[in-house]
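Undergrad: Chains as they are written, first to last, in the UniProt record's numbering: chain A, 1 to 335; chain B, 1 to 335; chain C, 1 to 335; chain D, 1 to 335.
If you are wondering where the hints come from, they were derived from the structure by calculation, not from laboratory data.
Be aware that one or more of the hints could be misleading.
For chains that are exact copies, the list does not tell them apart, and a pair is met inside one copy or across any two.
[To be verified] Mimicking DSS-like on lysine-lysine, the simulated pairs with C-alpha atoms at most 27 Å apart in a straight line are: (1) Lys141 - Lys161; (2) Lys92 - Lys131; (3) Lys321 - Lys141; (4) Lys294 - Lys113; (5) Lys41 - Lys24; (6) Lys3 - Lys18; (7) Lys113 - Lys3; (8) Lys131 - Lys294; (9) Lys18 - Lys41; (10) Lys294 - Lys24; (11) Lys294 - Lys3; (12) Lys161 - Lys321; (13) Lys92 - Lys41.
From a predicted model like this one, the values you see are computed outputs, not experimental measurements.
Given next are the chains, with one letter for each unit.
Protein chains: 4
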Amino acid sequence: MFKIALIGAGRIGLIHAKSIAANKDSQLVAIADVFAEAAQKLAAETGAEARSVDDILADPGIDAVLIASSTDTHSDLIERATAAGKAVLCEKPVDLSLERALTALQKADATGKPVMIGFNRRFDPNFASLKAAFDKGEIGKGELLAITSFDPAPPPASYVKVSGGLFRDMMIHDFDIACWIYGSAPARVTATGSSIVDPAIGAEGDVDTAVVTLAWDDGRIAVIKNSRRAGYGYDQRIELLGSEGLLSAQNVLENTVQKITNAGALSAKPVYFFLERYMRAYEIEWTAFIEALKSGATMPATLREGVAALACAEAATQSVKTGQTVAVTPAMLGA
Amino acid sequence: MFKIALIGAGRIGLIHAKSIAANKDSQLVAIADVFAEAAQKLAAETGAEARSVDDILADPGIDAVLIASSTDTHSDLIERATAAGKAVLCEKPVDLSLERALTALQKADATGKPVMIGFNRRFDPNFASLKAAFDKGEIGKGELLAITSFDPAPPPASYVKVSGGLFRDMMIHDFDIACWIYGSAPARVTATGSSIVDPAIGAEGDVDTAVVTLAWDDGRIAVIKNSRRAGYGYDQRIELLGSEGLLSAQNVLENTVQKITNAGALSAKPVYFFLERYMRAYEIEWTAFIEALKSGATMPATLREGVAALACAEAATQSVKTGQTVAVTPAMLGA
Amino acid sequence: MFKIALIGAGRIGLIHAKSIAANKDSQLVAIADVFAEAAQKLAAETGAEARSVDDILADPGIDAVLIASSTDTHSDLIERATAAGKAVLCEKPVDLSLERALTALQKADATGKPVMIGFNRRFDPNFASLKAAFDKGEIGKGELLAITSFDPAPPPASYVKVSGGLFRDMMIHDFDIACWIYGSAPARVTATGSSIVDPAIGAEGDVDTAVVTLAWDDGRIAVIKNSRRAGYGYDQRIELLGSEGLLSAQNVLENTVQKITNAGALSAKPVYFFLERYMRAYEIEWTAFIEALKSGATMPATLREGVAALACAEAATQSVKTGQTVAVTPAMLGA
Amino acid sequence: MFKIALIGAGRIGLIHAKSIAANKDSQLVAIADVFAEAAQKLAAETGAEARSVDDILADPGIDAVLIASSTDTHSDLIERATAAGKAVLCEKPVDLSLERALTALQKADATGKPVMIGFNRRFDPNFASLKAAFDKGEIGKGELLAITSFDPAPPPASYVKVSGGLFRDMMIHDFDIACWIYGSAPARVTATGSSIVDPAIGAEGDVDTAVVTLAWDDGRIAVIKNSRRAGYGYDQRIELLGSEGLLSAQNVLENTVQKITNAGALSAKPVYFFLERYMRAYEIEWTAFIEALKSGATMPATLREGVAALACAEAATQSVKTGQTVAVTPAMLGA
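Starting from the given sequences, assemble the full structure and let the hints guide the process.
TA: Structural data, given as structure tokens:
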């Protein structure tokens with residue numbers, strides 16, 4: 001039984017608390033939050049104890065720390081928790097600053113403690129099935145990967161301001177999916193973006209609609225489409241052309257009902273947002289973390305991979321400003 | 001908080017135990033089973049107490065009884081539990097004997113205690129969406145209902161022998177769905193059946209493949225197809241033609257992945273069996289029972305409706321033997 | 001080059017005239033119709049000659065006769081044309097009277113001339129693909145066949161009056177499909193029907209909504225659903241459960257466009273009616289007739305098979321009246 | 001009745017000859033080809049006369065010229081035919097040289113004769129339905145357009161050598177579709193490409209797999225994916241995200257049959273190539289040309305639009321070489 005501390009008692013922390021409770025090999029024992037009340041409330045609900053971060057890190061009885069606090073605290077907490085001998089599962093993105101994340105990677109690596117980044121989509125059963133079929137060679141060699149990822153509605157401009165921008169905040173997931181499927185980070189990134197959904201997003205210097213192309217040195221290509229507003233729900237699809245066929249993972253729909261009338265055949269929309277779509281993925285993610293802890297195997301989404309996704313985001317951010325393809329250098333990947 | 005006793009600690013009892021635990025308004029306090037060990041094991045896992053049926057029924061602290069024991073005990077337990085002042089949720093079918101079930105209905109009605117029959121499919125989100133759309137008039141008046149219901153693999157002949165036959169054991173669900181969608185029991189039943197899947201089933205005097213047509217006096221028709229063996233999984237679909245269109249509820253598939261190669265476009269199969277397909281339905285069913293207890297509203301699947309489904313099964317059993325259409329009389333419905 | 005005479009210059013005759021013209025091995029040389037003007041008009045358009053039936057049958061230069069006149073003339077014309085040494089393609093149904101059709105079968109057989117019945121659906125590329133896959137054993141042994149066949153809108157009561165009823169006029173196609181797929185006629189027929197779409201149809205003693213179950217002696221079952229009004233178009237589907245899987249042929253849709261909005265995902269309806277759905281099937285049917293003429297092979301839909309479909313219709317008509325299962329005897333099949 | 005001359009009696013010329021014959025308002029009277037035999041053969045089959053180009057252009061009885069000869073002859077023939085007072089339908093692309101095409105545009109415009117470019121995909125009923133729904137405002141304002149366009153198998157390297165490259169030869173269709181849907185040419189083009197399918201294509205300096213992003217000044221984006229090899233058939237899809245929803249046009253499949261077995265649910269592939277997919281589109285294209293000739297309306301795909309697609313191809317060709325976004329200037333569009 002692994003004793004777990006949760007840092008961050010917000011919406012995503014709550015989801016993780018449920019997964020920790022549902023796993024027979026983990027127990028949530030401590031919760032910290034900058035808002036003491038939030039920590040106390042969740043602690044009361046879960047039977048855990050509200051404690052300070054210092055206290056948690058100093059406690060040798062705690063095996064692992066789940067970091068679900070604000071992004072600007074991630075690197076610090078990864079460094080401190082690994083230095084304190086804890087295993088870590090940290091929410092994405094690693095950091096808004098690639099430089100800072102690289103330092104955290106270096107320091108955490110030095111401790112030898114395992115750090116997993118919460119790329120929940122890898123654990124979506126549909127995406128995982130696609131990946132498994134691809135890895136078994138069912139469509140031969142990968143050539144052209146296309147990821148569609150649309151949110152249902154744009155966030156408020158106040159959120160956009162501190163988010164690090166669409167590439168670091170939203171497309172970070174898709175960069176990770178692309179690197180995960182192909183098994184390595186791309187060599188070059190080319191981005192096109194605009195603010196057409198909400199002018200307030202453009203006023204913050206960000207984009208709300210973007211297409212990013214990733215290129216590998218052996219000729220493989222990936223293209224990611226993002227929009228902050230699909231309107232009809234959460235549109236999350238992957239399509240991979242290989243030398244012997246096409247694999248796709250389609251959306252999860254609200255139900256299987258169809259109505260055919262004179263107006264046409266009406267089916268259900270995709271489920272509304274990430275909680276509906278990825279609830280099961282969060283549970284599986286946590287199980288995968290615990291299984292890796294138990295077996296000592298490499299984490300199924302490493303800190304280094306979290307840095308790679310951030311390097312893609314960094315490159316895309318530059319590319320969309322300059323209109324030029326940007327190289328993803330070994331240094332950007334912490335190599 | 002309703003205190004619940006569970007009678008029957010087998011596979012289906014286990015499912016219900018989870019639903020009871022997951023509902024914040026119910027608590028599983030007692031478990032009885034003819035195999036004392038089974039009751040004790042489940043009691044240990046759930047924090048309930050293993051007790052005898054007599055003991056449970058005599059305990060004024062128990063509000064409701066969930067009957068998940070073998071079918072031949074249902075009528076007795078419904079009568080005794082309601083007489084003891086308990087609300088009841090009883091698994092389907094009510095009984096293998098329509099006559100016996102009618103007596104239980106009469107006695108339970110006399111107590112005024114609510115009895116719900118566990119027609120879990122009504123609570124499947126897909127079927128419930130279809131029903132809701134139909135009730136809102138989205139396809140006008142119902143005219144021709146078609147239900148497809150195939151199990152993945154036939155049961156052993158030993159099970160068939162005591163099952164009451166395909167109509168009482170398996171198609172009972174579909175009879176209920178038909179009556180539920182149209183809002184009343186049919187006037188006439190016509191059945192065709194054969195034993196083509198497994199000769200051992202035929203040797204028991206049962207069929208493994210059947211088509212039953214139900215007719216209402218106003219001209220509405222329903223047709224049910226059953227097979228004990230689909231092979232590819234659990235095939236559970238509804239299709240309703242109305243005066244203004246067609247509503248259908250399709251299967252739930254294992255995932256959303258598609259692979260297109262030179263051999264064609266390969267998608268996932270339906271999920272394998274009822275646990276995969278209806279787990280969520282069982283949870284919702286229990287919630288609906290508790291909500292009805294709280295509000296005093298009519299149960300969302302009454303004992304009388306359980307008797308109606310059994311009357312259809314009785315009629316179908318006769319029809320398949322005689323090659324004649326069989327009337328469903330008011331007496332058969334307990335009217 | 002086969003010289004063809006067309007008897008019947010109505011809507012369906014016109015379709016056949018196009019198919020005859022499109023085939024490089026056939027030439028339409030003569031057209032007869034009880035309305036001389038209709039024959040002359042179509043003759044002018046096609047370069048054929050308007051002639052009397054007597055004249056056509058007496059002309060040794062004419063190889064084959066396509067009978068597309070009213071149903072009550074079919075048996076006579078089949079007998080006369082074969083007696084005159086012509087090959088025949090006759091529209092369905094063979095006759096409204098099974099007895100009359102049996103006589104025609106006997107007489108035509110005695111001439112040794114080939115007679116094909118225009119069961120166009122066998123030549124629909126989708127249905128033909130399903131049949132081919134089944135015949136290759138892709139789903140093992142056939143067990144439960146389900147045919148859905150809904151017209152978009154009911155015919156006028158005046159048509160119903162002379163149509164021979166839904167079973168002979170509309171379901172005749174589905175009886176043929178069932179016999180074609182299973183490779184033989186059923187042993188027993190059980191029908192349920194009502195007039196719920198249009199009371200005027202009921203007033204003529206006919207049904208507009210019906211479910212018919214066919215049973216074979218080895219346990220195979222087929223069920224056919226018919227409605228005179230789907231409203232949304234022509235609903236034509238086949239679904240066949242075998243010992244190793246399920247084959248289905250779905251509807252042909254107007255287009256492949258889908259619109260997803262907050263209201264759901266809207267796709268196209270099935271194409272409107274038989275001309276849209278089966279135009280290609282009519283062309284292939286004609287080609288198949290010509291190919292059989294050239295090779296001397298058995299016709300791909302024989303007069304005997306036309307009689308079998310009519311025997312099913314006769315049995316269904318009796319069954320719906322009596323509420324009893326009706327046997328299809330060897331005598332009814334002309335055996 | 002318009003008298004038509006066809007220049008180019010190859011594969012695509014043959015398709016057009018059929019469309020001309022099928023239209024009651026057009027008659028194919030003359031055919032020219034650099035291979036006299038090809039012209040004579042097709043002339044014999046169609047009842048037209050094999051003539052020289054000079055002869056055709058000098059004949060005042062010929063109303064319109066359909067140019068289906070090799071790409072390097074297009075600009076010359078457009079100029080000469082319009083100068084001779086003929087209306088023109090010219091196959092895509094206008095030219096391999098944007099500069100040369102711009103001259104042809106200028107000269108043809110000066111004659112005032114209508115010139116249509118054979119962008120057949122605009123006339124595909126599925127794409128046309130999508131466009132019509134978008135133009136009616138069914139998904140609000142267009143924001144992010146995605147076009148997938150994969151050929152089944154790569155062409156031989158000998159073809160690639162003279163093709164002008166993937167952008168001018170293959171993606172030219174997709175550039176046109178993007179401009180057509182959005183109603184104008186983009187401001188900027190960014191391309192990523194590689195030769196991963198066939199090294200022989202890379203050896204010719206061309207790419208076989210590419211992603212191109214088009215950006216409009218108001219923030220609209222389009223992205224086009226091309227591969228020379230899908231393997232499973234011709235993959236031709238459009239997906240358009242608007243402010244109020246998503247419109248898509250999916251592939252046309254070989255048939256509607258589905259087989260569900262233990263191995264999954266197998267459906268048909270997309271039809272194999274452009275002849276199967278776009279045969280109907282070619283017929284409609286020709287009808288649209290004739291209708292525009294009759295009414296005097298603007299051609300439904302103008303020479304100026306053909307130049308715009310070529311300008312996109314030119315920009316993409318530069319972008320893929322330089323790794324930079326390339327502007328599409330007014331001069332490139334002939335403005």
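Undergrad: Confirm or reject each hint.
TA: Against the structure, the hints:
no.: 1; hint: Lys141 - Lys161; verdict: between (40 Å within a copy, 26 Å between copies)
no.: 2; hint: Lys92 - Lys131; verdict: within (21 Å within a copy, 39 Å between copies)
no.: 3; hint: Lys321 - Lys141; verdict: between (33 Å within a copy, 25 Å between copies)
no.: 4; hint: Lys294 - Lys113; verdict: within (13 Å within a copy, 52 Å between copies)
no.: 5; hint: Lys41 - Lys24; verdict: both (23 Å within a copy, 18 Å between copies)
no.: 6; hint: Lys3 - Lys18; verdict: both (14 Å within a copy, 25 Å between copies)
no.: 7; hint: Lys113 - Lys3; verdict: within (16 Å within a copy, 47 Å between copies)
no.: 8; hint: Lys131 - Lys294; verdict: within (24 Å within a copy, 47 Å between copies)
no.: 9; hint: Lys18 - Lys41; verdict: both (14 Å within a copy, 26 Å between copies)
no.: 10; hint: Lys294 - Lys24; verdict: within (13 Å within a copy, 33 Å between copies)
no.: 11; hint: Lys294 - Lys3; verdict: within (13 Å within a copy, 39 Å between copies)
no.: 12; hint: Lys161 - Lys321; verdict: within (17 Å within a copy, 36 Å between copies)
no.: 13; hint: Lys92 - Lys41; verdict: within (24 Å within a copy, 42 Å between copies)
Comparing the model with each earlier hint shows no violations; every hint is respected.
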